[in-house]
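Engineer: Listed here are the chains, written in short residue letters.
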Amino acid sequence: MAHQAHAYHMVDPSPWPLTGAIAALLMTSGLAIWFHFHSTTLMTLGLILLLLTMYQWWRDIIREGTFQGHHTPPVQKGLRYGMILFITSEVFFFLGFFWAFYHSSLAPTPELGGCWPPTGITPLDPFEVPLLNTAVLLASGVTVTWAHHSIMEGERKQAIQSLALTILLGLYFTALQAMEYYEAPFTIADGVYGSTFFVATGFHGLHVIIGSTFLAVCLLRQIQYHFTSEHHFGFEAAAWYWHFVDVVWLFLYVSIYWWGS
Amino acid sequence: RFRHFQVSRRQISSTVRRQLVNKVPDKQKLFQESNGMPVHLKGGVGDAVLYRATMGLTVLGTAYVIYELVKAALPQKKD
Chain A
1 MAHQAHAYHM
11 VDPSPWPLTG
21 AIAALLMTSG
31 LAIWFHFHST
41 TLMTLGLILL
51 LLTMYQWWRD
61 IIREGTFQGH
71 HTPPVQKGLR
81 YGMILFITSE
91 VFFFLGFFWA
101 FYHSSLAPTP
111 ELGGCWPPTG
121 ITPLDPFEVP
131 LLNTAVLLAS
141 GVTVTWAHHS
151 IMEGERKQAI
161 QSLALTILLG
171 LYFTALQAME
181 YYEAPFTIAD
191 GVYGSTFFVA
201 TGFHGLHVII
211 GSTFLAVCLL
221 RQIQYHFTSE
231 HHFGFEAAAW
241 YWHFVDVVWL
251 FLYVSIYWWG
261 S
Chain P
1001 RFRHFQVSRR
1011 QISSTVRRQL
1021 VNKVPDKQKL
1031 FQESNGMPVH
1041 LKGGVGDAVL
1051 YRATMGLTVL
1061 GTAYVIYELV
1071 KAALPQKKD
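Respectively, the protein sequence lines represent chains A and P. Letter by letter, the first sequence follows residues 1 to 261 of the working numbering. Letter by letter, the second sequence follows residues 1001 to 1079 of the working numbering.
Certain hints may be false.
[As the list claims (entries may be wrong)] Between beta-carbon pairs, the in silico distance windows are:
(1) P/Leu1020 / A/Glu230: 20 to 26 Å
(2) A/His231 / P/Ala1053: 17 to 23 Å
(3) P/Ile1066 / A/Ile160: 34 to 40 Å
(4) P/Pro1075 / A/Phe86: 41 to 47 Å
(5) P/Pro1025 / A/Leu168: 40 to 46 Å
(6) P/Asp1026 / A/Trp34: 28 to 34 Å
(7) A/Val199 / P/Leu1074: 55 to 61 Å
(8) P/Ala1053 / A/Trp99: 41 to 47 Å
(9) P/Asp1026 / A/Leu138: 38 to 44 Å
[Said to hold, decoys possible] One side of the interface only, derived from the structure: several residues of chain P facing chain A at Cβ under 10 Å:
(10) Gln1028
(11) His1040
(12) Asp1047
(13) Tyr1051
(14) Leu1057
These aren't lab readings, by the way, just hints derived from the structure by calculation. A quick note: this is a predicted structure, and the numbers were derived from the prediction, not measured. A virtual CB, placed ideally from N, CA and C, is assigned to each residue, including glycine.
Full structure from sequences and hints, please.
Structural biologist: Have a look at this one:
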């Protein structure tokens, strides 16, 4: 078998970019078909294909790194750059929604009553569940840092416990937020207040779910001895993402929940 | 001899909770075998089944989306 004379990773040919692209095509076309012809078949098919692609693609990356040793220091550096760039792109994604919020709330139009919150809107009390949510996410930032130190120090049991606690806090946030959504005295259809509130907090909630899932995968990997005290980039990536989700919430809380009330 | 008793006692008390054994060395052996298989199929029969299912849905989905888009693009004949 020929051996490479460099430290980089020449990946095996893979079908997942193709299946992922087709999944994207099916989901987007499926959305249009759903809107116009009331059929959800195409969109559902796209979603299934997306899940299959994600599972197998990331499974393969774990195989390449943990089982085949392809994640050498230069390769890991590239993975770090990649994760940082991805999170940066997500920052810009949220920046847009914050722009929309400030655009509408700094100069409220006469149609809204010239005030913010607009006439007729009862905003949520920022010192009730939203404050609890803030405490929950801040605490989860502490527990994920505890988990990181546990992994680095080879403390297997503590790493599992702190990682599990982090995930539970994430799920608690999601449950609290779902309840808030259900009980809210305003909906997404309530003018620009409803739009900015639910789109910004809604996308944030989706990212909490994604982050919790990423951490859950890390928990399974930690249990299965994938991480070493020196090499655990998958966990670090999940922790970075989790801190990003926490920071976005802090901005949401201060801007929309607190200042915006 | 004393250490042997210590080990046995520890094992007896720890089987109360299921102990997961580290299978990473076995996985490393499996995925580093020189059999020319690409990583997405190297795990065994399960990989091939999942791959075929995914690719099958991909091909069917592509055909279906083209059909739906062409149907949506053509004007509906109204009597």
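Engineer: Of the hints given before, which are not true for this structure?
Structural biologist: Result: hints 2, 3, 5, 6, 7 break, sorted rising.
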